[in-house]
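Participant: Counting with mature numbering (1 follows the signal peptide of the UniProt record, and there is no 0), you get residues -26 to -1, 1 to 649 for the letters of the sequence shown.
Simulated from the structure, these hints should not be mistaken for lab results.
There may be inaccurate statements among the hints.
Once the Cα atoms are required to be at most 25 angstroms apart in a straight line, the calculated DMTMM-like pairs of lysine to aspartate or glutamate come out as [said to hold, decoys possible]:
(1) Lys180 to Glu28
(2) Lys293 to Asp345
(3) Lys12 to Glu86
(4) Lys192 to Asp512
(5) Lys180 to Asp212
(6) Lys308 to Asp345
(7) Lys526 to Asp345
(8) Lys192 to Asp520
(9) Lys481 to Asp512
(10) Lys308 to Asp396
(11) Lys507 to Glu633
(12) Lys308 to Asp262
(13) Lys178 to Glu575
(14) Lys260 to Asp62
(15) Lys481 to Asp396
(16) Lys180 to Glu434
(17) Lys260 to Asp235
(18) Lys308 to Asp172
(19) Lys110 to Asp172
(20) Lys526 to Glu633
(21) Lys481 to Glu633
(22) Lys602 to Glu633
(23) Lys73 to Asp212
(24) Lys308 to Asp383
(25) Lys572 to Asp582
(26) Lys260 to Asp295
(27) Lys178 to Asp251
(28) Lys632 to Glu575
(29) Lys178 to Asp345
(30) Lys451 to Glu640
(31) Lys605 to Glu575
(32) Lys525 to Glu575
(33) Lys526 to Glu434
Simulated restraints on C-beta separations [claimed, not checked]:
(34) Lys632 to Ser349: 53 to 61 angstroms
(35) Ala65 to Gly450: 25 to 33 angstroms
(36) Ser350 to Lys110: 36 to 44 angstroms
(37) Pro417 to Asn486: 42 to 50 angstroms
(38) Asn294 to Lys110: 53 to 61 angstroms
(39) Glu22 to Lys632: 54 to 62 angstroms
(40) Gly229 to Ala65: 51 to 59 angstroms
Where a beta carbon is used, it is the ideal one built from N, C-alpha and C, also for glycine.
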Amino acid sequence: MTRTTTLWSLLLLSAALALGSCTKDATEQATGPEPEAKAASKLVFSSENAVRGELLVCFGEEAVAGIESSVMQVTRSGGVATRSGIADFDAVLGSIGVKALQRLFPVDERNEERTRAAGLHRWYVVEFDAAADLDKAALDMARIAEVSKVEFNQQLMHVHEGRVIPLAETGAAPQTRAAVGFNDPHLGKQWHYINTGDKSIYSKIKAGADVNCDEAWKLCTGDPRVIVAVVDNCVQWDHPDLAANMWTNTAELNGSEGRDDDSNGYADDIHGFNFVDNTTLTISTKGDAPDHGTHVAGTVAAVNNNGTGVAGIAGGSGKNDGVKIMSCQIFHDKDGGDVAMAAKAIKYAADNGAAIIQCSYGYPAGSVTSDAAYSSGASAEKQAIDYFIAKQNCAAVSGGLAIFAAGNDMTGMSSYPGAYRDYISVTAMSCDYTPAYYTNYGPGCNIAAPGGDAYQSYLENINTGASEVLSTVNGGKYGYMQGTSMACPHVSGVAALGLSYALQLGKTFTQNEFTTLLLTSVNDINQYCTGTKQYFTDKGSLATLDLSQYKKGMGTGYIDAYQVLMNVRGITCIPIPVGSQYTLNLQPYLGGGNLDLKITEISISAEDMNRLGISANPTIFANQIILKCTKPGSAVVRIKLLAGNGNNSGMNGMPITKEFAFIAREVHSQNGGWL
């Protein structure tokens, strides 16, 4: 007898005992329909943009035992359940041409107790004739007393903009090689990691408009104990620049084909699972974005320093030390992308070790417009994300991180689910710091990252895609894409890098602490939300965008990987403006700001001075530091201070040394990056 059979037997026995305590079998009772108003209050979302012929039903706890008994009696012998055992509910099923009734979240023996404690075992999927009236079917189900909620299965959308532009071996000249010394041949074209201001990409490009990987990679490049679940199209698991960093389920890899070897509810899930077709991962070849998942995955963790292709933010150093990518496929060709698939994928990620879910998808614009509307129904997806956030799968952080794209609708709010207050929503910026023309902004948006802007290159007749984001694509190839979909994995990758560094240092954070650290490790973008930029409308006409509308709407600022690592390490980051002499008062960065500390010496290496473009040694005057940085860059400086006063008889304060990270950027955040 397999472990799965044993568990189902125990569940069946439990259900039988529960039913036996009743004077009459609860599943044979017809309680009568509830009033329409009460039934309507049980509905989650609306039929607009919903999958036809399918509804998600959450039953009351007291009814579940009977349903499990009824369903298991059929499925144990390999049949498909079409009845719940609740007479009134089954009458509705009969009227709509029911095809199947099954639990939304399959049994994972290792996590079933936790699943039931979270109430996820109460969710079922009802499949029926697509020609049936969806609204009537939902309301009829909701009128049954044993039903707690009926959810319309909302369709989801990718949040990319445009198609892949294949990487040509010729095109934009590569930028200066990264100081870290990686040998990935196309790293120089990934301005979004290390932007040196290469004007062959775009004439108005700004050095430093990137996620600042160069200095971060000197400290950490990743850790295989950190798993990032890419909830998207299938990731090409054997891509030469991804294969070494793919998460692998060794029980399934070494097990029998067609068998659930690790009893997690899924068979042959070697590198993840296809939740569209309920089968093994399947490479997409059709639709408008078949490469989407592979492109996103490459930004997070393409293998670094392997002499191949591109780099990934947390892709390691070429020594099998990158973070791992788990592929949770919810889109396939022109199919898929709905709430049920996403909910199952996210729970799967939680149950199989992921610390971050990378979600470059969202609901159609305007379908959900407030946290109250999203949370009041407690949808299956929200409950799955809550389940994920509550699960500790990385020793460095107490729970999971849910990171979403803000959307590409050019609207003044983030799309959901990303807009919800417990999740991170990522907006997109261009290679000159300006908001990307397509990005959503405003309420619900939390942080910005490079997403690319095709028209910056296109309007200058540079048709290589150089101003977009370069990453891996299907077929073992590389290409450019743009969108908040591309910005989102920059934040996921930086978060994974931060967790990797925390593991390296033995640091631990609560989920809230690490989220706060991530959202405050930023540079200011608001100074660039002025003036105008051009783009093409959907109808192909040239239009002008007023950038002032984005001010204070892009999130806390744009993500900085080096600052994340410094904050993990516990070193205060200080922004320094580029191009002018600057007088730095350290007091705001020291304790309460009024400490009796005297600066006696500042130590910065010649290499770091060159990196920041400092030609003359910083000087100390009136207990302040005077310096001039002429290049964007980052460096750790050591400052010696005297704590306490001295006197003329030889008594002095105690000498102490404190490290600070100077972040030189053209944009100077007046509040030290804590926006």
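Participant: Taking the hints in turn, state whether each one holds.
Facilitator: Now for the hints, and whether the structure bears them out:
1. At most 25 angstroms may separate the alpha-carbon atoms for a hinted pair to count; Lys180 and Glu28 exceed this at roughly 49 angstroms.
2. At roughly 43 angstroms between alpha-carbon atoms, Lys293 and Asp345 are farther apart than 25 angstroms, so this suggested pair is violated.
3. Between the alpha carbons of Lys12 and Glu86 the distance comes to roughly 31 angstroms, so the proposed pair goes past 25 angstroms and is violated.
4. With a C-alpha separation of about 43 angstroms, the suggested pairing of Lys192 with Asp512 is violated against the 25 angstroms cut-off.
5. The straight-line distance between the Cα atoms of Lys180 and Asp212 is roughly 35 angstroms, outside the 25 angstroms bound, and the hint therefore fails.
6. The hinted pair formed by Lys308 and Asp345 fails the criterion: a straight-line CA distance of about 30 angstroms is larger than 25 angstroms.
7. Proposed proximity of Lys526 and Asp345 is supported: the alpha carbons are some 20 angstroms apart, at most 25 angstroms.
8. A distance of roughly 39 angstroms separates the Cα atoms of Lys192 and Asp520; the hinted pair therefore is violated under the 25 angstroms criterion.
9. Restraint check: the Cα-Cα separation between Lys481 and Asp512 comes to about 48 angstroms, which exceeds 25 angstroms; the hinted pair is violated.
10. Only pairs whose Cα atoms come within 25 angstroms are accepted, and Lys308 paired with Asp396 is rejected, the gap being roughly 30 angstroms.
11. For a cut-off of 25 angstroms, the pair hint linking Lys507 to Glu633 is broken: about 40 angstroms separates their Cα positions.
12. Between Lys308 and Asp262 the alpha-carbon distance is near 8 angstroms, which keeps this suggested pair within the 25 angstroms criterion.
13. Proximity of Lys178 to Glu575 is assessed by CA-CA distance (about 39 angstroms); at most 25 angstroms being required, the pair is judged violated.
14. About 42 angstroms separates the Cα atoms of Lys260 and Asp62, which puts this hinted pair outside 25 angstroms; it is violated.
15. Between Lys481 and Asp396 the CA atoms are separated by roughly 23 angstroms; this keeps the pair inside 25 angstroms, and the hint holds.
16. Taking the CA atoms of Lys180 and Glu434, the gap is near 16 angstroms; set against the 25 angstroms cutoff, the hint holds.
17. Only pairs whose Cα atoms come within 25 angstroms are accepted, and Lys260 paired with Asp235 is rejected, the gap being roughly 31 angstroms.
18. Under the criterion of a C-alpha separation no larger than 25 angstroms, the hint pairing Lys308 with Asp172 is inconsistent with the structure, at around 38 angstroms.
19. Distance hint between Lys110 and Asp172 is unfulfilled; the C-alpha atoms sit about 59 angstroms from each other, more than 25 angstroms.
20. Using a Cα cut-off of 25 angstroms, the hinted pair Lys526 and Glu633 is violated, with the two alpha carbons roughly 31 angstroms apart.
21. With a C-alpha separation of about 18 angstroms, the suggested pairing of Lys481 with Glu633 holds against the 25 angstroms cut-off.
22. With a C-alpha separation of about 19 angstroms, the suggested pair Lys602 and Glu633 falls inside the 25 angstroms cut-off, and the hint holds.
23. Between the alpha carbons of Lys73 and Asp212 the distance comes to roughly 36 angstroms, so the proposed pair goes past 25 angstroms and is violated.
24. With a C-alpha separation of about 21 angstroms, the suggested pairing of Lys308 with Asp383 holds against the 25 angstroms cut-off.
25. In summary, the hint linking Lys572 to Asp582 is supported, as the alpha carbons are separated by about 24 angstroms, within the 25 angstroms threshold.
26. Restraint check: the Cα-Cα separation between Lys260 and Asp295 comes to about 33 angstroms, which exceeds 25 angstroms; the hinted pair is violated.
27. Restraint check for Lys178 and Asp251: not satisfied, since their Cα atoms lie roughly 46 angstroms apart, outside the 25 angstroms limit.
28. This hinted pair checks out: Lys632 and Glu575 have alpha carbons roughly 11 angstroms apart, not beyond 25 angstroms.
29. Distance restraint check for Lys178 and Asp345: the Cα-Cα separation of roughly 38 angstroms exceeds the 25 angstroms cut-off, and the hinted pair is therefore not satisfied.
30. Between Lys451 and Glu640 the CA atoms are separated by roughly 35 angstroms; this puts the pair beyond 25 angstroms, and the hint is violated.
31. The straight-line distance between the Cα atoms of Lys605 and Glu575 is roughly 23 angstroms, inside the 25 angstroms bound, and the hint therefore holds.
32. For the proposed pair Lys525 and Glu575, the alpha carbon gap of about 39 angstroms is over 25 angstroms, so the pair is violated.
33. With a CA separation close to 29 angstroms, the supplied pair Lys526 and Glu434 exceeds the 25 angstroms bound.
34. At roughly 43 angstroms, the beta-carbon separation of Lys632 and Ser349 lies outside the given 53 to 61 angstroms, and the hint is violated.
35. A hinted range of 25 to 33 angstroms for the beta carbons of Ala65 and Gly450 is inconsistent with their spacing of about 54 angstroms.
36. One distance hint, 36 to 44 angstroms for the beta-carbon pair Ser350 and Lys110, is violated here, with the actual separation near 23 angstroms.
37. Roughly 21 angstroms separates the CB atoms of Pro417 and Asn486, a value that falls outside the hinted 42 to 50 angstroms.
38. Checked against the given bound of 53 to 61 angstroms, the beta carbons of Asn294 and Lys110, roughly 56 angstroms apart, stay inside it.
39. The given range of 54 to 62 angstroms is respected by Glu22 and Lys632, whose C-beta atoms sit roughly 57 angstroms from each other.
40. Between Gly229 and Ala65 the CB atoms are about 42 angstroms apart, so this pair departs from the stated range of 51 to 59 angstroms.
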